Amino acid sequence: MFFLPPQEFWYLTVARLTVNFDDNRTGKGTGFFVYDEQNYFLVTARHVVDSRYGPRAATKQSKLVEMGISFQCAINPGTPKAKFGYERLTVTDPDLVYECNDVDVAVIKIRETALPIITDGNTRRPCSFPLNFLATEDDLSSRYAGEPVVFVGFPDNSPVNRYNGSEFHYPLLRQGVFAYPPIHGIDVENELGRNYGLIDSYAQSGFSGGPIISLQKGWADGSWHPKDEHRPPKVVGLICGHYRSAQDRADGGHAGLSFFARSTSILRTIEGLRE
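Under our numbering, think of the first position of the sequence shown as 1, with each following residue one higher.
Hints may contain errors.
In the EDC-like style, the derived pairs of lysine to aspartate or glutamate whose C-alpha atoms are separated by at most 20 Å in a straight line are [stated by the list, open to error]:
1. Lys28 with Glu8
2. Lys63 with Glu112
3. Lys63 with Asp22
4. Lys217 with Asp139
5. Lys63 with Asp23
6. Lys28 with Glu87
7. Lys109 with Asp23
8. Lys109 with Glu275
9. Lys109 with Asp139
10. Lys63 with Asp95
11. Lys217 with Asp138
Using C-beta positions, here's what the derived DEER-type ranges look like [to be verified]:
12. Asp23 with Trp219: 50 to 58 Å
13. Gly165 with Asp187: 44 to 52 Å
14. Thr92 with His230: 39 to 47 Å
15. Thr92 with Ala220: 39 to 47 Å
16. Ser142 with Val91: 30 to 38 Å
Hints are computed from structural coordinates only; laboratory data are not their basis. Quantities reported herein were computed from a predicted structural model and do not represent experimental measurements. No residue lacks a Cβ here, since even glycine has one placed at the ideal position from N, Cα and C.
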């Protein structure tokens with residue numbers, strides 16, 4: 001098998017999220033943009049924006065009142081212009097939508113008139129995945145255990161560049177492999193449903209909500225594989241957390257596995273918003 005390396009474009013699709021709740025608690029995580037030619041959709045993990053979600057959050061009743069979204073515009077990182085391509089939005093009382101209680105996915109629709117942001121007469125769009133870049137059930141069925149994936153996000157130790165008194169956070173990219181065929185959903189902690197996949201990689205705090213992309217296999221022209229064996233890259237889901245046994249949780253350890261909400265749940269949530 002021959003898999004092409006990640007594209008720089010994927011690295012720019014993510015947003016650093018900061019959240020504030022009505023009990024003065026704060027949090028952070030990662031989101032990413034999807035675009036359907038009319039609207040942008042910001043996708044993240046539900047537990048990042050909903051303190052009442054998850055098996056350990058039953059006693060929490062705080063409500064999200066503000067979400068900060070920081071992201072790079074479509075300007076190559078490392079260039080002088082990149083210093084000015086970092087944008088921040090603040091959304092008050094964000095209208096987030098969840099597919100159901102069985103999956104850790106949250107989506108907010110942002111009108112095209114609100115984005116792109118216009119600065120100094122130039123239109124600068126946030127980098128985004130086209131809707132058809134999200135893997136369908138058929139796409140997931142063609143991925144197998146052991147095949148490579150990458151994921152992008154803003155962990156606690158993501159690098160910070162300081163410029164003219166401002167801080168610019170940059171995401172990190174990690175790699176791993178499918179630990180289990182993604183077409184088959186797995187159960188997580190018996191309360192979060194069965195529509196999850198599993199990767200062999202460690203996703204530390206802050207990666208939650210970041211996209212997972214399966215790498216392209218071969219070339220479309222058949223130069224490495226017959227054309228019918230070519231497979232394009234796809235977003236297969238978003239990072240949710242650590243997949244640990246009861247013993248791992250009791251010991252505070254980590255098994256080196258992370259679970260993700262599959263792309264089919266993301267697609268269903270976006271389709272509901274489009275309708």
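Results of checking the hints against the structure:
1. Proposed proximity of Lys28 and Glu8 is contradicted: the alpha carbons are some 24 Å apart, above 20 Å.
2. Straight-line distance between C-alpha atoms of Lys63 and Glu112 comes to about 27 Å, which puts the hinted pair past the 20 Å bound.
3. With a C-alpha separation of about 6 Å, the suggested pair Lys63 and Asp22 falls inside the 20 Å cut-off, and the hint holds.
4. Using a Cα cut-off of 20 Å, the hinted pair Lys217 and Asp139 holds, with the two alpha carbons roughly 12 Å apart.
5. The suggested pairing of Lys63 with Asp23 holds, with an alpha-carbon distance near 8 Å, which does not exceed 20 Å.
6. Taking the CA atoms of Lys28 and Glu87, the gap is about 17 Å. The hint holds against a cut of 20 Å.
7. Between Lys109 and Asp23, the direct Cα distance comes to roughly 25 Å. Violation of the 20 Å bound is thereby established for this hinted pair.
8. With a C-alpha separation of about 12 Å, the suggested pairing of Lys109 with Glu275 holds against the 20 Å cut-off.
9. A C-alpha spacing of about 25 Å is found between Lys109 and Asp139, which places the hinted pair above 20 Å, so the restraint is violated.
10. Taking the CA atoms of Lys63 and Asp95, the gap is near 12 Å; set against the 20 Å cutoff, the hint holds.
11. A hinted pair counts as satisfied when its Cα atoms are at most 20 Å apart, and Lys217 with Asp138 qualifies at roughly 16 Å.
12. The given range of 50 to 58 Å is respected by Asp23 and Trp219, whose C-beta atoms sit roughly 53 Å from each other.
13. For the pair Gly165 and Asp187, the supplied restraint of 44 to 52 Å holds, since their beta-carbon distance comes to about 48 Å.
14. Under the hint 39 to 47 Å, the C-beta atoms of Thr92 and His230, about 46 Å apart, fit the expected range.
15. For Thr92 paired with Ala220, a C-beta distance near 45 Å keeps the hint of 39 to 47 Å intact.
16. Ser142 and Val91 have their C-beta atoms about 36 Å apart, which keeps the hinted 30 to 38 Å range intact.
When each numbered hint is compared with the structure, violations occur for hints 1, 2, 7 and 9.
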